[in-house]
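Here's the letter readout for the chains.
2 protein chains.
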Amino acid sequence: MPKVYAVIMAGGAGTRFWPASRSSRPKQLLPLAGESEETLLAATVRRLAPLVTEDRVVVVTGEHLADATAKAVPGVPRSQILCEPAPRNTAPCIAWATATIARLDPDALVAVLPSDHFIADEEEFRRVLARALRSAESGRVTTVGIVPTRPETGYGYIELGEPIEGDTGAKRVARFVEKPDRATAEQFLAGKRHLWNAGMFFFRARDMAELVVRHLPELSSGVAKIDAAAGGANAAEVLKAVFPTLPSVSIDHGVMEKAEGLAVVPGEFGWNDVGSWQSAWELGAPDEAGNSLSAGAVAIDSKNNLVRTLGKGKKVVALVGVNDLVVVETEDALLVIPRERAQDVRLIVDALKAAGRTDVL
Amino acid sequence: MPKVYAVIMAGGAGTRFWPASRSSRPKQLLPLAGESEETLLAATVRRLAPLVTEDRVVVVTGEHLADATAKAVPGVPRSQILCEPAPRNTAPCIAWATATIARLDPDALVAVLPSDHFIADEEEFRRVLARALRSAESGRVTTVGIVPTRPETGYGYIELGEPIEGDTGAKRVARFVEKPDRATAEQFLAGKRHLWNAGMFFFRARDMAELVVRHLPELSSGVAKIDAAAGGANAAEVLKAVFPTLPSVSIDHGVMEKAEGLAVVPGEFGWNDVGSWQSAWELGAPDEAGNSLSAGAVAIDSKNNLVRTLGKGKKVVALVGVNDLVVVETEDALLVIPRERAQDVRLIVDALKAAGRTDVL
Numbered sequence: 001m002p003k004v005y006a007v008i009m010a011g012g013a014g015t016r017f018w019p020a021s022r023s024s025r026p027k028q029l030l031p032l033a034g035e036s037e038e039t040l041l042a043a044t045v046r047r048l049a050p051l052v053t054e055d056r057v058v059v060v061t062g063e064h065l066a067d068a069t070a071k072a073v074p075g076v077p078r079s080q081i082l083c084e085p086a087p088r089n090t091a092p093c094i095a096w097a098t099a100t101i102a103r104l105d106p107d108a109l110v111a112v113l114p115s116d117h118f119i120a121d122e123e124e125f126r127r128v129l130a131r132a133l134r135s136a137e138s139g140r141v142t143t144v145g146i147v148p149t150r151p152e153t154g155y156g157y158i159e160l161g162e163p164i165e166g167d168t169g170a171k172r173v174a175r176f177v178e179k180p181d182r183a184t185a186e187q188f189l190a191g192k193r194h195l196w197n198a199g200m201f202f203f204r205a206r207d208m209a210e211l212v213v214r215h216l217p218e219l220s221s222g223v224a225k226i227d228a229a230a231g232g233a234n235a236a237e238v239l240k241a242v243f244p245t246l247p248s249v250s251i252d253h254g255v256m257e258k259a260e261g262l263a264v265v266p267g268e269f270g271w272n273d274v275g276s277w278q279s280a281w282e283l284g285a286p287d288e289a290g291n292s293l294s295a296g297a298v299a300i301d302s303k304n305n306l307v308r309t310l311g312k313g314k315k316v317v318a319l320v321g322v323n324d325l326v327v328v329e330t331e332d333a334l335l336v337i338p339r340e341r342a343q344d345v346r347l348i349v350d351a352l353k354a355a356g357r358t359d360v361l
Numbered sequence: 001m002p003k004v005y006a007v008i009m010a011g012g013a014g015t016r017f018w019p020a021s022r023s024s025r026p027k028q029l030l031p032l033a034g035e036s037e038e039t040l041l042a043a044t045v046r047r048l049a050p051l052v053t054e055d056r057v058v059v060v061t062g063e064h065l066a067d068a069t070a071k072a073v074p075g076v077p078r079s080q081i082l083c084e085p086a087p088r089n090t091a092p093c094i095a096w097a098t099a100t101i102a103r104l105d106p107d108a109l110v111a112v113l114p115s116d117h118f119i120a121d122e123e124e125f126r127r128v129l130a131r132a133l134r135s136a137e138s139g140r141v142t143t144v145g146i147v148p149t150r151p152e153t154g155y156g157y158i159e160l161g162e163p164i165e166g167d168t169g170a171k172r173v174a175r176f177v178e179k180p181d182r183a184t185a186e187q188f189l190a191g192k193r194h195l196w197n198a199g200m201f202f203f204r205a206r207d208m209a210e211l212v213v214r215h216l217p218e219l220s221s222g223v224a225k226i227d228a229a230a231g232g233a234n235a236a237e238v239l240k241a242v243f244p245t246l247p248s249v250s251i252d253h254g255v256m257e258k259a260e261g262l263a264v265v266p267g268e269f270g271w272n273d274v275g276s277w278q279s280a281w282e283l284g285a286p287d288e289a290g291n292s293l294s295a296g297a298v299a300i301d302s303k304n305n306l307v308r309t310l311g312k313g314k315k316v317v318a319l320v321g322v323n324d325l326v327v328v329e330t331e332d333a334l335l336v337i338p339r340e341r342a343q344d345v346r347l348i349v350d351a352l353k354a355a356g357r358t359d360v361l
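Here the protein sequences line up with chains A and R, keeping their order. The letter at position 325 of the first sequence is residue 325 when you use this note's numbering, and the numbering goes up by one with no holes. The letter at position 215 of the second sequence is residue 215 when you use this note's numbering, and the numbering goes up by one with no holes.
Next comes chain A alone, as it looks inside the complex (with noise of 0.2 Å):
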């Protein structure tokens, strides 16, 4: 088998989060599942391990994480932490960091991963991952699509199309479908023949090159001077130059969405996006009373909260009488907000930002 290396995409602002996250420590720098210390972008990389070894981790994010990104995962060579002068969404990213890899090695295998979800089991995560791999192994570019649970709205689907023939249990891609309303939702909850995508790709390197020239040719042109430059005394001014000029598109409506003979393998691993407070609550390993609370939280009459406190002089978190409660504490910040609004957080990022509050968020 060719050398696999993952690209991990790290450059996620998200505000979802506040207090916790920050511009200068957004989601994937947070220590979100559960009671670990380990965060998401750490946990990320590690159980890669022993499919891709942090050696041949490429971790993609925006200048100004560079030095705590480093820090989050100090196994990754330095020189595989790329930075982003500007945000240009997905397509640009693995554009990018798919001629990197593919000047170290072109017959690589490319691994394409969020950096900021969370897996349950992750034996099965890497056992998927081999046959994803596989399959891209063979010519196809491969997603892995989550199984789903719920009848959920928030994400985009997958169709199923045939089986592929071999042993990966990949199947083709019959389309990608946009987020969809309720009803189509529950449709293809019961259907069985759709998926969450998750936005995990595995590719040849030569592949994705092949289709980024073809569907997006500004996009591979400006990656080639990028890459060109790369290593040499301009680089960073080349870079500085070229990357915020680059298209602004995603992987799947840039590429994915046009590509043909995707293949796409089902996933059952626990996976979770971590999308709001609520994930974290659901993460965070609820007492008998359901509620998830930081050490030092005392809930009296109170059921299904989630107290975090991540401020650094560790306080007494005292719950009477409340239910249902997302409590949050950091050392200049305080979120009080009912679970069930817990993407209404955004309201008070927005009050904060129209407030000139910036030194918060």
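FYI, nobody ran anything at the bench for these hints, they're computed from the structure. Wrong hints could be hidden among the right ones.
Given that identical chains are not distinguished, each listed pair holds provided it fits within a single copy or across any two copies.
Unchecked claim - Taking lysine-lysine and the DSS-like style, the derived pairs with C-alpha atoms no more than 30 Å apart in a straight line are: (1) K312 x K353; (2) K312 x K258; (3) K353 x K303; (4) K353 x K314; (5) K353 x K240; (6) K353 x K258; (7) K3 x K258; (8) K314 x K303.
In this text, all values refer to a predicted model and were calculated from it rather than measured experimentally.
Based on the hints, put chain R in the right spot on chain A.
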């Protein structure tokens, strides 16, 4: 008129304002009246002027609160801050303070006042006090009773008797009534013959001394020993030896309920006993949405909440979609409780005590 002295009872422990109140920082040392940073004790002393000036104020507190109390009322002579070696309820407190004042000025008039209440109309308060003092000057031990505004079951009541001749508005005290049940409290409110007992007493020093001799002779002789030693080399020693042996009894039970010829002056001056966070919310000048917020707090879709940030590094507090909550944050603790359960703060204090967390009590 004889000189007027005030005895401020400031020995309260008070757990109902946890986490703001601590054993080392009880209620009277907290700024609980609205936006002001003034402690309840400081407000108590301030609003007596010009009726009673600071140099004639005696504050009785506990030994462990000596420095904090002195700091809260810097205008009160340090020699007039009396520190009880052990809490022995109000009768020993008042008897000792009265003996101390009588030594300075045998003809003194004394006003005994709690240190931890709020009064909205301070001018009217002083007018009522002046009437009560004139009543006391004639040799009647006098109290001020608060005209009830609701059928409160948490206070003792004073039943009004016949009017007393003169222009003080005083009436005889028919009797003291223990905390009533709801139906009785409603009768009291409708009948207009009962006032709330707010623990304010007015008397000539020698009248109180006589009452104590008659009704609590043991207390009288103990206080005489302490007073005889006062100012001498062994004052502290005698205080420490004798005070803890004094009978622990309230002035109401020990003296007032047994005394004859008591007078009461009705008071209507926006009195509030600041009994819980609920009271703090009422006094906190809630905004249009009913929220009383600390500076830097943001409330979205949220009504009738109290937010107090008492830590040094004032936090941004964000509420989204929550109603009728009390949120109080200090350097080392955070409380979230519905307003209507504010009295249940003691449950937390009990739980923390049981868990050995005296560091936050």
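Comparing the hints with the structure gives:
Taking the closest pair of Cα atoms, K312 and K353 come within 30 Å of each other both inside a single copy (25 Å) and across two copies (24 Å). With identical chains, the CA atoms of K312 and K258 are never at most 30 Å apart, being 49 Å at best within one copy and 57 Å at best between copies. In this assembly of identical chains, the alpha carbons of K353 and K303 lie at most 30 Å apart only when taken from different copies (22 Å versus 32 Å within one copy). Taking the closest pair of Cα atoms, K353 and K314 come within 30 Å of each other both inside a single copy (27 Å) and across two copies (18 Å).
Within a single copy, K353 and K240 get their C-alpha atoms as close as 27 Å, which meets the 30 Å cut-off; across copies the closest is 59 Å, which misses it. Taking the shortest Cα distances, K353 and K258 never come within 30 Å of each other, neither inside one copy (38 Å) nor across copies (65 Å). Proximity of K3 and K258 under a CA criterion of 30 Å is satisfied intra-copy only: 27 Å inside one chain copy versus 96 Å between copies. In this assembly of identical chains, K314 and K303 lie within 30 Å of each other by CA distance both inside one copy and across copies; the values are 22 Å within and 29 Å between.
In this structure, the hints that do not hold are numbers 2 and 6, in rising order.
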